[in-house]
Amino acid sequence: MMAPLFSSKLLIVLLFGTLFGLILGVLPGLGPTTGGALILPFTMTLDPLSAIVLLTSIYCAGTYGGAITAVLINTPGTPAAAATCLDGYPLAQKGEAGRALGMATVSSTVGGIFSVIVLVFFAPVLAKLAYEFGQPEYFALAIFGLTMLASIGEGSPIKNLIAGAFGILISTIGKDFMTSIDRFTYGINELSVGIGFIPVVVGLFAISEMLTQSTLLDQVFKRVALKAVKLPSLDDYKKTWKTILRSSGIGSFIGVLPAEGGTVASLIGYSEAKRFSKEPEEFGKGSIEGIAGAEAANNAATGGAMVPTLALGIPGSATTAVILTGLIIHGVRPGPDLFREQPDFLYGIFGAMLIANVLFFIFGFFGAKLFARITLVPNKILWPMIFAVSVCGTYSLSQSIIDVWIMLFFGVLGFFMRRFGFSVVPVIIGLILGELVEGTLRQSLVIFDGNWLMFLTRPIALTFFILSLIALAFPLLRTKKQKD
Amino acid sequence: MNNVQNKKRANKSLPFFFKDEFKVFFVIIFFSTILLISTFTFDKVPPILNRGIQPATFPKGLLVLIMFLTTIIYYLSFKNPWKKEKKLPKPFFLTILSFILFVVISKTLDFFLAISVLSIFVSYNWGERRVFYLLLVGIIFPLVVFIFFEMILGLRFPPGIITNLYYY
Chain A
23 MMAPLFSSKL LIVLLFGTLF GLILGVLPGL GPTTGGALIL PFTMTLDPLS
73 AIVLLTSIYC AGTYGGAITA VLINTPGTPA AAATCLDGYP LAQKGEAGRA
123 LGMATVSSTV GGIFSVIVLV FFAPVLAKLA YEFGQPEYFA LAIFGLTMLA
173 SIGEGSPIKN LIAGAFGILI STIGKDFMTS IDRFTYGINE LSVGIGFIPV
223 VVGLFAISEM LTQSTLLDQV FKRVALKAVK LPSLDDYKKT WKTILRSSGI
273 GSFIGVLPAE GGTVASLIGY SEAKRFSKEP EEFGKGSIEG IAGAEAANNA
323 ATGGAMVPTL ALGIPGSATT AVILTGLIIH GVRPGPDLFR EQPDFLYGIF
373 GAMLIANVLF FIFGFFGAKL FARITLVPNK ILWPMIFAVS VCGTYSLSQS
423 IIDVWIMLFF GVLGFFMRRF GFSVVPVIIG LILGELVEGT LRQSLVIFDG
473 NWLMFLTRPI ALTFFILSLI ALAFPLLRTK KQKD
Chain B
6 MNNVQNKKRA NKSLPFFFKD EFKVFFVIIF FSTILLISTF TFDKVPPILN
56 RGIQPATFPK GLLVLIMFLT TIIYYLSFKN PWKKEKKLPK PFFLTILSFI
106 LFVVISKTLD FFLAISVLSI FVSYNWGERR VFYLLLVGII FPLVVFIFFE
156 MILGLRFPPG IITNLYYY
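Top to bottom, those sequences are chains A and B.
Sequential numbering from 23 applies to the first sequence in this note's numbering.
Sequential numbering from 6 applies to the second sequence in this note's numbering.
In isolation and in its complexed conformation, chain A is listed as follows:
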């Protein structure tokens, strides 16, 4: 599994990715998704395996990095670390920041490694199942992916559906891939090739975040000093090992579902840890189990989210949507054929994720104090620099200034979407899945001779449609239950 990684180039990429991911994770507002989007254009200079190894190591380390800021300044470096704040910061305020970070580091590593094992065993099984899929099944699967995202993802399900439909709509701009007829181009030549992934991804994540930061300039962080990270004591392990394993399982499972991966996983991991705890009253006041539950779950979601991404080409989280974009721009088409034709490539990714989990444990353990200092870089210095990198990175892809303007447009749009409660993640996933959704729908209709009802005669497709309906009904039932 590790063989493809034993090249000095890949190891350097892995080291760089892990360090970069940690830095991104520590900085509130950045995180692995925005960071992955920023680095995406640079990956064009790398071979496909190095590019994906870089992105996955950023994903693993960035997810963990969010815990450092959550514990020390009560601000999650990444949304997935939001639940870690609940107990991490109170524990740090009691003078036990090192213990809190030690537990976060150990549980993140265990969760991450657990999820890689799930990925190694589960992804090929799912890919084999996908051999049974024809065009109608892929269409139903893509619809299921989008409805799951709308249902479980952050915010209002209807707003998420609108955002997903908008993402698919963006994918229709340009020449129709089946008939070469122009759609929404309005005589602008540059639009006939469609809108690239990178300007949209960088705009929606990085530039919209820059605008968000411009509204938060008066925010003051209360930082807790960190002397050194401590490994948890034997008592801590005795208290938390069940929680870590349970949350690792929960995180891996949630990760497999197409949703917002780590964020949802950590919240469920945390609440389950509280439910099973002998001291639930300690939660929110500095419970070591709370930290373990949230951190094991959010890192376990990384491997889980890679399962549908690699096996089906359906991203399991926002960051895997960026990784999927990376795969596509490097000409790698995820799905069952990838497992049959390029096993070395896949094992390279699995191995890289495993090593990244070990590396962030080492870096986190010995370097958390240093990484914590990164939060001291003021936004007024950091974000203009990020802007320069975003602009050049976006321009570099097709050397078109129009791409930069598209990036700025989506940045402003993304800001207002977030402001009014529309998540930007479904837009990206809709954009990525757009061609799959439209292509498979149209090809299915050719097979069915235009008869839509024929979709219901395909058992797998029908199952996905039923699951989609359940996914859509789920938030309604949840709201009703809460009211009751």
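For the record, the hints were derived by calculation from the structure and aren't laboratory data.
Fair warning: there could be bad hints in the mix.
Calculated pairs, DSS-like style, for lysine-lysine (alpha carbon to alpha carbon, straight line, at most 27 angstroms) [said to hold, decoys possible]:
#1 B/24 x B/112
#2 A/249 x A/261
#3 B/49 x A/197
#4 B/92 x B/28
#5 B/65 x B/49
#6 A/197 x B/65
Using C-beta positions, here's what the derived DEER-type ranges look like [unchecked claim]:
#7 B/87 x A/33: 47 to 53 angstroms
#8 B/35 x A/34: 49 to 55 angstroms
#9 B/173 x A/203: 38 to 44 angstroms
#10 B/84 x A/240: 32 to 38 angstroms
#11 B/88 x A/307: 23 to 29 angstroms
#12 A/471 x B/81: 34 to 40 angstroms
#13 A/384 x B/159: 32 to 38 angstroms
#14 B/42 x A/307: 56 to 62 angstroms
#15 B/23 x A/495: 31 to 37 angstroms
#16 A/260 x B/157: 32 to 38 angstroms
#17 B/106 x A/203: 36 to 42 angstroms
#18 B/155 x A/350: 26 to 32 angstroms
#19 A/34 x B/134: 35 to 41 angstroms
Some residues of chain A that are not near chain B, with every Cβ distance over 10 angstroms (derived) [stated by the list, open to error]:
#20 45
#21 69
#22 115
#23 117
#24 139
#25 154
#26 181
#27 205
#28 255
#29 258
#30 267
#31 304
#32 350
#33 398
#34 409
#35 414
Here the structure is a predicted model, which is why all the values come from computation and not from measurement.
Here a beta-carbon is modelled for each residue, glycine too, at the ideal position from N, C-alpha and C.
Could you slot chain B onto chain A? The hints should help.
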């Protein structure tokens, strides 16, 4: 207590077109309608070459879906009004202005000059007053980025008054 009631009354008395819910509803419906109308101008495939549905059908379906869902969220907002957002602060508008400046300068003068101007403008308006840091974000860092992209990644930037000094 009286204050809260007064505020609620003030919100209720706000004309519907000033509320966020209506603004969002209006913007989405307005642009979706324009896009929907434009789909009727798409070329049609002759029946003999047509595979499945016409190229305009899928985007039409999506736009109708978006308009339908938008109407639902607007309807639901009568029962559950959205959280009222804080007013946007001055730095936000200045950042938007810097984007406009960036577009104008990159189009007319120079790409890197545009990056420098934006970086200094944003950094200054976000509160940075130290000259060294303004030079760092406005000149030193963009220069490092330029060297990285130009020399290491072999990228050629668009011509402009500063970039031409390097290229010619």
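* Asked: Can you list which hints this structure breaks, lowest number first?
  -> As far as the earlier hints go, 1, 16, 26, 27, 34 and 35 are violated by this structure, in ascending order.
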